[in-house]
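Asker: Starting from the known structure of chain A, arrange chain B on it as the hints suggest.
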Amino acid sequence: MLYRWAFQRTGDSALSQELVQETFLAALKSRSSFQGQSKPSTWLLGILKHKLLDSMKRSDRTRNFSDLPDQAVDSMFNSLGMWKNDPKNWDANPEQLAQNAEFQQALQACIESLPPPQKQVFLLRILDMQDTGEICKVLRITATNLWVLLHRARLRLRECLMRKGIGPEVL
Amino acid sequence: MLILNILSCRKATMLAAKKDQIGLSFLESLQLKIHMLVCSVCRAASRHIKIIEQAAQHAAERIFDSPVSSEHKLSDQAKETMKTALRAAGKSL
Numbered sequence: 000m001l002y003r004w005a006f007q008r009t010g011d012s013a014l015s016q017e018l019v020q021e022t023f024l025a026a027l028k029s030r031s032s033f034q035g036q037s038k039p040s041t042w043l044l045g046i047l048k049h050k051l052l053d054s055m056k057r058s059d060r061t062r063n064f065s066d067l068p069d070q071a072v073d074s075m076f077n078s079l080g081m082w083k084n085d086p087k088n089w090d091a092n093p094e095q096l097a098q099n100a101e102f103q104q105a106l107q108a109c110i111e112s113l114p115p116p117q118k119q120v121f122l123l124r125i126l127d128m129q130d131t132g133e134i135c136k137v138l139r140i141t142a143t144n145l146w147v148l149l150h151r152a153r154l155r156l157r158e159c160l161m162r163k164g165i166g167p168e169v170l
Numbered sequence: 000m001l002i003l004n005i006l007s008c009r010k011a012t013m014l015a016a017k018k019d020q021i022g023l024s025f026l027e028s029l030q031l032k033i034h035m036l037v038c039s040v041c042r043a044a045s046r047h048i049k050i051i052e053q054a055a056q057h058a059a060e061r062i063f064d065s066p067v068s069s070e071h072k073l074s075d076q077a078k079e080t081m082k083t084a085l086r087a088a089g090k091s092l
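Protein sequences appear in the order of chains A and B.
So the first sequence is numbered by numbering that gives the first Met the number 0: it starts at 0 and just counts up by one.
So the second sequence is numbered by numbering that gives the first Met the number 0: it starts at 0 and just counts up by one.
Excised from the complex, chain A in its bound form:
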């Protein structure tokens, strides 16, 4: 689970292995501080999150996010900037939707299909709820880069889920 979590965010197998190993080593060293108030997996994930952010800050990689338009997003609108498709009006309770196995599978597949920078920003900001400033700092992107990437990720995910039939029938 830890490796998968790290791999989702880094896309780098060797780095993910290294982070997981560092997590276990840190846990081993500070095991006396584990109070048992949370599940061990939650505690380990907390350590891993710190390790990941530290590793991103240390990284020399320059982030080169293209300012080119995202064709998949562009194709959702006509030349006047209006939606090409009029979506069905669906409503759902997010907590109930989260329990739906079909939704979980579709969401996972749709997140996997996002371009790497969009996926990374979506996971860090929406799923991990990391602070905007912190994400910009660790990914070395501007706040504008961040919201544009999120905007694109959101539209792609919505389109992808609808293509997979996640709509009024499933909810």
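Calculated from the structure, these hints are not laboratory results.
Among these hints, one or two may not hold up.
[What the hints assert, rightly or not] In the BS3-like style, the derived pairs of lysine-lysine whose C-alpha atoms are separated by at most 30 Å in a straight line are:
(1) B:K82 to B:K49
(2) B:K32 to B:K49
(3) B:K18 to A:K83
(4) B:K82 to A:K28
(5) A:K48 to B:K32
(6) A:K56 to A:K28
(7) A:K50 to B:K82
(8) A:K50 to B:K72
(9) A:K136 to B:K82
(10) A:K48 to B:K82
(11) B:K78 to A:K38
If you're wondering where the values come from, they're calculated on a predicted model, not measured in any experiment.
Answerer: Relative to the frame of chain A, chain B by itself:
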């Protein structure tokens, strides 16, 4: 008034994302509100996105439980390497 009515759906969805992350200027905020008042498609899209994001947060721990490919799993060799390193570290503590 013209400046308040020329927002396209594409621009409105961008402003909605910007609003959630870094906030909008007064004019942008007004433009977005007016667009949302008159555009049922953008209202629906915005609602979908909110539902998807909230559901994704609720499902965060579950959605990656099942690996979709072998690259999402630690190889047996990597597990062994890690165990060896942890055993060595455990002895030195």
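Asker: Each hint should be assessed against the structure and marked as holding or not.
Answerer: Evaluation of the provided hints:
1. The suggested pairing of B:K82 with B:K49 is violated, with an alpha-carbon distance near 42 Å, which exceeds 30 Å.
2. Restraint check: the Cα-Cα separation between B:K32 and B:K49 comes to about 17 Å, which is no more than 30 Å; the hinted pair holds.
3. At most 30 Å may separate the alpha-carbon atoms for a hinted pair to count; B:K18 and A:K83 meet this at roughly 24 Å.
4. Of the pairs offered as hints, the one joining B:K82 and A:K28 holds, with about 15 Å between alpha carbons and a cut-off of 30 Å not exceeded.
5. The suggested pairing of A:K48 with B:K32 is violated, with an alpha-carbon distance near 37 Å, which exceeds 30 Å.
6. About 23 Å separates the Cα atoms of A:K56 and A:K28, which keeps this hinted pair within 30 Å; it holds.
7. A C-alpha spacing of about 19 Å is found between A:K50 and B:K82, which places the hinted pair at or below 30 Å, so the restraint holds.
8. Distance restraint check for A:K50 and B:K72: the Cα-Cα separation of roughly 19 Å lies within the 30 Å cut-off, and the hinted pair is therefore satisfied.
9. Distance hint between A:K136 and B:K82 is unfulfilled; the C-alpha atoms sit about 33 Å from each other, more than 30 Å.
10. Taken as a hint, the A:K48 and B:K82 pair is honoured in the structure, with Cα atoms around 21 Å apart against an allowance of 30 Å.
11. Taking the CA atoms of B:K78 and A:K38, the gap is about 22 Å. The hint holds against a cut of 30 Å.
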